[in-house]
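Participant: Spelled out, the chains give:
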Amino acid sequence: MLRFGKKKKAVPDGLFVKCDGCGAMVYRKNVQELLHVCPECNHHFRIGAWDRVELHTDEGSFEEMDADLLPCDPLKFVAKKAYVDDLKRDTEETGLSEAVICGTARIESRPVVFTAMDFRFRGASMGSVVGEKLTRAIELATERHLPLVMVAASGGARMQESALSLMQMAKTCAALQRFSKSGGAYVSVMTDPTTGGVTASWASMGDVIIAEPGALIGFAGPRVLKQTINQELPPDFQTSEFLLEHGFIDMIVERKDIKPTVAQVLSYLT
Amino acid sequence: MAVNANQERFAYDFERPILDIEKHIRELSERAASEHEDLSAKIEKLERKRDRLLEKTFKNLTAYQQVKLARHPLRPHPMDYIGMLVSDFIELHGDRRFGDDDAIVAGLGRLDDRRAMFIALRKGKETKEKIAANFGMPRAEGYRKALHKMKLAEKFGLPLICLIDTAGAACAAAAEERGVAMAIAENILTMAGLAVPIVVLVTGEACSGGALGVGVGDRFAMLENAYYSVITPEGLAAILWKDSDKAPEAAEAMKLTAAHMLEAGIIDTIVREPLGGAHRDPLVTSRNVEQYLTKALGELEQTPIEQLLEERYRRYRNIGVYRTAPPAMEQAG
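Those protein sequence lines, which keep their order, are chains H and P.
Heads up: the first sequence runs through residues 1 to 270, numbered per the working numbering.
Heads up: the second sequence runs through residues 271 to 603, numbered per the working numbering.
Simulated from the structure, these hints should not be mistaken for laboratory data.
Where a beta carbon is used, it is the ideal one built from N, C-alpha and C, also for glycine.
Think about it this way: if two alpha-carbon atoms lie no more than 27 Å apart in a straight line, the pair counts; the simulated BS3-like pairs of lysine-lysine are:
| no. | chain 1 | residue 1 | chain 2 | residue 2 |
| --- | --- | --- | --- | --- |
| 1 | P | K516 | H | K76 |
| 2 | H | K181 | P | K425 |
| 3 | P | K293 | P | K329 |
| 4 | P | K512 | H | K76 |
Ranges of calculated distance between the beta carbons of each label pair, as one might list FRET restraints:
| no. | chain 1 | residue 1 | chain 2 | residue 2 | range |
| --- | --- | --- | --- | --- | --- |
| 5 | H | E59 | P | K565 | 55 to 65 Å |
| 6 | P | E278 | H | T91 | 49 to 59 Å |
| 7 | H | T91 | P | D358 | 53 to 63 Å |
| 8 | H | E59 | P | K421 | 41 to 51 Å |
| 9 | H | E93 | P | R366 | 46 to 56 Å |
| 10 | H | L269 | P | K421 | 21 to 31 Å |
| 11 | P | P596 | H | E59 | 25 to 35 Å |
Working from the sequences, and respecting the hints, build out all of it.
Facilitator: Dropping the structure here:
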């Protein structure tokens with residue numbers, strides 16, 4: 001069974017759960033058995049980074065690295081709430097130390113470097129720690145000539161680290177540039193939601209880009225976009241399906257098929 | 271320095287007391303000239319008063335006042351610096367994919383006899399121009415145009431100079447449809463490995479991935495009153511407070527001034543402006559810009575390209591603030 005994070009649940013407890021996709025009340029157990037996919041409408045619920053490890057890599061193969069990197073508050077950021085308090089709360093509620101986990105793993109016996117974002121921690125925004133952990137993972141893949149599989153989810157840049165957060169886009173892309181130049185294969189898996197500075201950096205730079213069905217993928221978030229342009233957008237706007245149609249991703253793959261698909265792609269690229 | 275009608279018209283509140291004194295000085299000077307009166311003592315006194323007030327006002331700006339200066343309607347734009355500093359400029363249009371975005375200007379020119387490729391953000395000045403340039407917020411085709419010209423620079427061994435002034439990339443359905451995020455990502459990645467020297471200067475605003483999409487390089491400077499942040503203060507205020515009137519607080523919180531960027535190791539140089547802002551003396555500012563650019567290019571030209579790329583990598587590799595957890599205590603039981 002999926003571990004589904006440690007404390008805070010993406011799908012609340014209870015016998016039934018309301019699907020965000022179709023609004024149907026569905027058996028929680030059914031949803032879980034389907035890897036957190038709605039049996040009625042195939043809506044893919046958001047899942048945690050550890051769930052990704054469990055679902056997409058060989059059992060017991062994942063070895064986490066750089067788990068000891070922790071966020072600071074370089075700007076002493078206080079808005080409505082203080083950044084340090086946000087970090088503390090997210091850490092307590094999720095059991096995670098930051099919004100990404102990285103490590104080495106196997107996918108159908110093939111060694112890879114695997115990273116996964118967790119939306120429950122600061123909306124999987126990319127601050128210094130996320131940037132540093134991902135960069136170390138990319139550098140390790142370059143050094144050891146391992147393929148790279150990165151599962152994206154993100155609200156974008158970490159506002160509370162402002163320009164430092166932006167620079168993580170440059171840092172991760174610079175590392176990916178070297179990785180690519182060295183001949184490394186990178187499969188990017190975009191999940192709901194992948195937006196902002198993460199879409200505008202490493203997530204879009206996969207040699208092959210896979211997206212889960214119905215994921216929100218874009219640059220500007222839909223709320224900001226709607227406010228700014230003041231017009232209704234088509235219902236599939238900024239979805240995986242929309243991106244496939246516009247030529248920005250290679251394929252849409254259901255959650256249960258991601259692992260074999262990644263393995264199949266890597267069998268050609270490595 | 272002359273106070274012209276435009277300065278009066280566009281002045282911010284915190285500039286007005288200074289402009290009032292300058293107006294007074296101007297009137298006295300005119301009277302002195304027309305009535306052959308010796309008013310020099312009076313004028314000098316006023317000038318000293320003006321200078322003291324300039325010091326007092328502009329050495330103690332709030333973050334949001336600084337943001338306003340960076341957006342001052344009279345502030346020179348990147349294309350003004352190109353006009354003042356670059357000879358023989360020839361603009362190159364089009365991304366060869368979809369279109370031509372007025373928000374980004376690309377072209378070849380000579381700076382002090384040095385040939386270079388220039389990429390400049392353009393907000394536009396008159397209403398029609400502003401609309402055409404989408405107020406300086408580039409769409410996917412703008413980034414792809416820049417990418418096309420960067421590769422041209424690389425092919426012909428020309429250094430790249432990027433002048434940045436943008437509140438961010440376009441927030442529009444068309445921009446999303448044409449993959450503005452993917453275009454920015456590709457530019458960032460390409461610039462990280464582009465085999466020619468790159469100098470980046472922020473002349474006004476630099477927000478979000480929109481600024482970074484033409485802003486990765488070997489040297490990175492900001493004009494003194496420019497600012498750099500993850501989002502505009504108004505944007506952050508709307509997200510965190512759901513109230514864009516909180517922009518001054520948001521500006522403070524983001525630590526977005528050139529001084530902060532230098533302290534954080536994000537930029538290497540602050541290019542000085544005349545007291546009161548670049549718009550008070552564009553020529554002096556442009557000379558400072560020229561000095562910075564030629565010095566930076568001169569240094570970079572001397573560096574072998576492999577070393578340059580390694581140093582560029584290190585430059586970004588080392589940015590970030592984090593801590594390492596102490597080794598876990600052994601748990602009893």
